[in-house]
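Asker: With the hints as extra help, turn the sequences into a complete structure.
Protein chains: 2
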Amino acid sequence: MAENSEIKVKSLQKALEILNYFTEKPILGVTEISEHFGLYKSTVHNILSTLKAMEYLEQDEASGKYCLGMQIFNLSKALGDTYSITKIAMPYMQEIANQTGERVYLAVPYREEVLYLEAMYPADSVELMRSILGERARMYCTGLGKAMLANMGEQEIQNYLEHQELEAFTENSITNKEQLYQDLVRTRQRGYAIDDMEHEFGIKCIAMPVFSRNGSLYAAISISGLATHFTEKNISEWAIILKKYVRKIESRL
Amino acid sequence: MAENSEIKVKSLQKALEILNYFTEKPILGVTEISEHFGLYKSTVHNILSTLKAMEYLEQDEASGKYCLGMQIFNLSKALGDTYSITKIAMPYMQEIANQTGERVYLAVPYREEVLYLEAMYPADSVELMRSILGERARMYCTGLGKAMLANMGEQEIQNYLEHQELEAFTENSITNKEQLYQDLVRTRQRGYAIDDMEHEFGIKCIAMPVFSRNGSLYAAISISGLATHFTEKNISEWAIILKKYVRKIESRL
DNA sequence: AATGGTGTTCAGTAAAAAAGAACAGGATTA
DNA sequence: TAATCCTGTTCTTTTTTACTGAACACCATT
Numbered sequence: 000m001a002e003n004s005e006i007k008v009k010s011l012q013k014a015l016e017i018l019n020y021f022t023e024k025p026i027l028g029v030t031e032i033s034e035h036f037g038l039y040k041s042t043v044h045n046i047l048s049t050l051k052a053m054e055y056l057e058q059d060e061a062s063g064k065y066c067l068g069m070q071i072f073n074l075s076k077a078l079g080d081t082y083s084i085t086k087i088a089m090p091y092m093q094e095i096a097n098q099t100g101e102r103v104y105l106a107v108p109y110r111e112e113v114l115y116l117e118a119m120y121p122a123d124s125v126e127l128m129r130s131i132l133g134e135r136a137r138m139y140c141t142g143l144g145k146a147m148l149a150n151m152g153e154q155e156i157q158n159y160l161e162h163q164e165l166e167a168f169t170e171n172s173i174t175n176k177e178q179l180y181q182d183l184v185r186t187r188q189r190g191y192a193i194d195d196m197e198h199e200f201g202i203k204c205i206a207m208p209v210f211s212r213n214g215s216l217y218a219a220i221s222i223s224g225l226a227t228h229f230t231e232k233n234i235s236e237w238a239i240i241l242k243k244y245v246r247k248i249e250s251r252l
Numbered sequence: 000m001a002e003n004s005e006i007k008v009k010s011l012q013k014a015l016e017i018l019n020y021f022t023e024k025p026i027l028g029v030t031e032i033s034e035h036f037g038l039y040k041s042t043v044h045n046i047l048s049t050l051k052a053m054e055y056l057e058q059d060e061a062s063g064k065y066c067l068g069m070q071i072f073n074l075s076k077a078l079g080d081t082y083s084i085t086k087i088a089m090p091y092m093q094e095i096a097n098q099t100g101e102r103v104y105l106a107v108p109y110r111e112e113v114l115y116l117e118a119m120y121p122a123d124s125v126e127l128m129r130s131i132l133g134e135r136a137r138m139y140c141t142g143l144g145k146a147m148l149a150n151m152g153e154q155e156i157q158n159y160l161e162h163q164e165l166e167a168f169t170e171n172s173i174t175n176k177e178q179l180y181q182d183l184v185r186t187r188q189r190g191y192a193i194d195d196m197e198h199e200f201g202i203k204c205i206a207m208p209v210f211s212r213n214g215s216l217y218a219a220i221s222i223s224g225l226a227t228h229f230t231e232k233n234i235s236e237w238a239i240i241l242k243k244y245v246r247k248i249e250s251r252l
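The listed protein sequences correspond, in order, to chains A and B.
Residues 0 to 252 (numbering that gives the first Met the number 0) make up the first sequence, in order.
Residues 0 to 252 (numbering that gives the first Met the number 0) make up the second sequence, in order.
Everything labelled a hint here was simulated from the structure, so no lab data went into it.
Any given hint could be a false lead.
Said to hold, decoys possible - Straight-line C-alpha distance at most 25 Å; calculated PhoX-like pairs for lysine-lysine: (1) A:K86 x B:K247; (2) A:K76 x B:K51; (3) B:K243 x A:K40; (4) B:K51 x B:K64; (5) B:K24 x B:K64; (6) B:K40 x A:K9; (7) A:K24 x B:K86; (8) A:K64 x B:K7; (9) B:K232 x B:K243; (10) B:K51 x A:K13; (11) B:K24 x A:K86; (12) A:K242 x A:K232; (13) B:K86 x B:K76; (14) A:K243 x A:K86; (15) B:K51 x A:K9; (16) B:K13 x A:K9; (17) A:K76 x B:K86; (18) A:K247 x A:K86; (19) B:K13 x A:K51; (20) A:K24 x A:K64; (21) A:K51 x B:K247; (22) A:K13 x B:K40; (23) A:K242 x A:K86; (24) B:K51 x A:K7; (25) A:K7 x B:K247; (26) B:K7 x A:K9; (27) B:K247 x B:K232; (28) A:K51 x B:K24; (29) B:K232 x A:K7.
Unchecked claim - A few chain A residues that face chain B, going by a derived Cβ cut-off under 10 Å, partial list only: (30) K13; (31) M89; (32) L114; (33) P121; (34) G190.
Small disclaimer: the values here were computed from a predicted structure and weren't measured.
Cβ atoms here follow ideal geometry from the backbone N, Cα and C, with glycine treated the same way.
Answerer: Put into structure tokens, the structure is as follows:
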């Protein structure tokens, strides 16, 4: 099968670019959009009208401005069902967060990157919880990524090492391929990955792979927090907690 | 401002209808889509290519089939930020679910309907959790809806009663407008709404409104479960639990 | 080696989207 | 109270482009 992804329907491209603009500004008007894209107001109006009729956008009756509509919900729901692990894992993640007092993250491997699905904070946390769904990170410098990488096939690992540039995010980032490989070997033996401030200075993390029924790598879950919280004692305790809930999640996949 | 929502860009309509079809079937091919819509394969191919280039779809390299892409994540994230209450409420909802052993729902009023945002089950629940985001229900026959309705302006309530047809979902559904109004008065006095198998037979529910900082109705949260679990004692206990966590949520909105 | 199934390509032609100005209505200002 | 300046919307002509329809390339099964 050929892998071609050209733009062949220009009016569609235009409409989607306009739709994408709503991810930056939630409320937009015809004039603002036409100025931003250098399009005629009538053109923009036609596109917005159609998007509205298809319920991809809604229009405020008073101001005439547009915002994202309900059909986006339906699409995201359909996409979310692909990652049903989120729904299964959430209550367990909350438990882990409560028991450890740290943040808990869920992510899946996606095109050699870490794709975050969900984050859970301790119940008493006063932090603002903004959605992490869709965020991405490198594999080699995050606990989640290393937990995934370590449990992929040897061929995939070699492939990754070959063409992944190991850029330093902090002074602790692993930038040497042999060193990274050794870390992955240890990660696999240990059963969980350790991110020792490799992605963000002052933040440590332990991460465990989640396997699907057939034994293949499916996701990873991490406990992440201030480096000072990561004592020897805590790490070993948390690893046990993590293992316990990962098992529960795996049994329901 | 005029309220017009005609289809004016037909190629866009076609593309969005195709995109919507992915909410029914997560994986689709050119042939299947062209047969379903009665379009030429080349037409479908052009649209799919463009959607793929814009990352609204992804293509499996092996099979050539298409599925929803990452850009949907970004859109849903932008839409989700509009309803940030979900993120705030989730850990509390989990707590309520754990403490009561019942399911907990979060919804907002949307165009005189109940728009579900999130559901939480007890941590030990073995039920499959499928996403409820985007589901809708009538206001007059659900606990959530009655909790909302009771706390809207008198004018809005009268308006609702005037043109909402009270269709019976179960034999307990309220189909009389005067009766519904009295129920709303009692709901407001009581501080929470009771759904006595009015939407689904055998399922009861108590629901409490969530107010925003300025005192206006913002959402509602409900505890829902088998009718047999809803003893006098449980209801009064659960109402206290609900109130406690609704207060916490309101303080963080 | 032949068949039936994909997804993809490419021509001409028919259809529709864009240009560009004019319109309608509300809000602000004189 | 009237003029101005914003909106979003409408309309017709022209130009663009998306659709038709068949042929192609590829893979898997027969």
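Asker: Give a verdict on every hint.
Answerer: For each hint, the structure was consulted:
1. Between K86 of chain A and K247 of chain B, the direct Cα distance comes to roughly 23 Å. Compliance with the 25 Å bound is thereby established for this hinted pair.
2. Our distance criterion of 25 Å between C-alpha atoms is met by K76 of chain A and K51 of chain B, whose separation comes to about 19 Å.
3. The suggested pairing of K243 of chain B with K40 of chain A is violated, with an alpha-carbon distance near 50 Å, which exceeds 25 Å.
4. Between K51 of chain B and K64 of chain B the alpha-carbon distance is near 11 Å, which keeps this suggested pair within the 25 Å criterion.
5. Using a Cα cut-off of 25 Å, the hinted pair K24 of chain B and K64 of chain B holds, with the two alpha carbons roughly 12 Å apart.
6. For the hint pairing K40 of chain B with K9 of chain A, the CA-to-CA distance comes to about 18 Å; that is within 25 Å, so the pair holds.
7. As the CA atoms of K24 of chain A and K86 of chain B are separated by approximately 20 Å, the hinted pair is consistent with the 25 Å bound.
8. Between the alpha carbons of K64 of chain A and K7 of chain B the distance comes to roughly 18 Å, so the proposed pair stays at or under 25 Å and holds.
9. Taking the CA atoms of K232 of chain B and K243 of chain B, the gap is about 17 Å. The hint holds against a cut of 25 Å.
10. Restraint check for K51 of chain B and K13 of chain A: satisfied, since their Cα atoms lie roughly 14 Å apart, inside the 25 Å limit.
11. Restraint check: the Cα-Cα separation between K24 of chain B and K86 of chain A comes to about 20 Å, which is no more than 25 Å; the hinted pair holds.
12. Note on K242 of chain A and K232 of chain A: the hinted pairing holds, with a Cα-Cα distance of about 16 Å set against a maximum of 25 Å.
13. With a CA separation close to 12 Å, the supplied pair K86 of chain B and K76 of chain B stays within the 25 Å bound.
14. Distance hint between K243 of chain A and K86 of chain A is fulfilled; the C-alpha atoms sit about 18 Å from each other, no more than 25 Å.
15. Only pairs whose Cα atoms come within 25 Å are accepted, and K51 of chain B paired with K9 of chain A is accepted, the gap being roughly 13 Å.
16. A hinted pair counts as satisfied when its Cα atoms are at most 25 Å apart, and K13 of chain B with K9 of chain A qualifies at roughly 13 Å.
17. With a C-alpha separation of about 16 Å, the suggested pairing of K76 of chain A with K86 of chain B holds against the 25 Å cut-off.
18. This hinted pair checks out: K247 of chain A and K86 of chain A have alpha carbons roughly 13 Å apart, not beyond 25 Å.
19. For the hint linking K13 of chain B to K51 of chain A, the alpha-carbon distance of about 14 Å falls within 25 Å, and the restraint holds.
20. Restraint check for K24 of chain A and K64 of chain A: the C-alpha separation of about 12 Å stays at or below 25 Å, so the hint holds.
21. Only pairs whose Cα atoms come within 25 Å are accepted, and K51 of chain A paired with K247 of chain B is rejected, the gap being roughly 36 Å.
22. Annotation: proposed proximity of K13 of chain A to K40 of chain B holds, straight-line Cα distance about 22 Å (limit 25 Å).
23. For the hint pairing K242 of chain A with K86 of chain A, the CA-to-CA distance comes to about 19 Å; that is within 25 Å, so the pair holds.
24. As the CA atoms of K51 of chain B and K7 of chain A are separated by approximately 11 Å, the hinted pair is consistent with the 25 Å bound.
25. In summary, the hint linking K7 of chain A to K247 of chain B is not supported, as the alpha carbons are separated by about 51 Å, beyond the 25 Å threshold.
26. Taking the CA atoms of K7 of chain B and K9 of chain A, the gap is about 15 Å. The hint holds against a cut of 25 Å.
27. The suggested pairing of K247 of chain B with K232 of chain B holds, with an alpha-carbon distance near 23 Å, which does not exceed 25 Å.
28. Pair hint K51 of chain A plus K24 of chain B holds up; C-alpha atoms about 23 Å apart against a cutoff of 25 Å.
29. Taking the CA atoms of K232 of chain B and K7 of chain A, the gap is near 64 Å; set against the 25 Å cutoff, the hint is violated.
30. A hinted interface residue such as K13 of chain A counts as satisfied when its beta carbon comes closer than 10 Å to some beta carbon of chain B; here the least separation is about 9 Å, so the hint holds.
31. Annotation: M89 of chain A was flagged as interfacial toward chain B, and the flag holds, the nearest CB pair being 8 Å apart, inside 10 Å.
32. Using the Cβ-Cβ criterion of 10 Å, the hint placing L114 of chain A at the interface with chain B is satisfied: the shortest such distance is roughly 8 Å.
33. Nearest Cβ of chain B to the Cβ of P121 of chain A: about 8 Å, under the 10 Å cut. The hint holds.
34. At its closest, the beta carbon of G190 of chain A sits 24 Å from a beta carbon of chain B; the interface hint therefore is violated under the 10 Å criterion.
Of the numbered hints given earlier, the model fails hints 3, 21, 25, 29, 34; all others are met.
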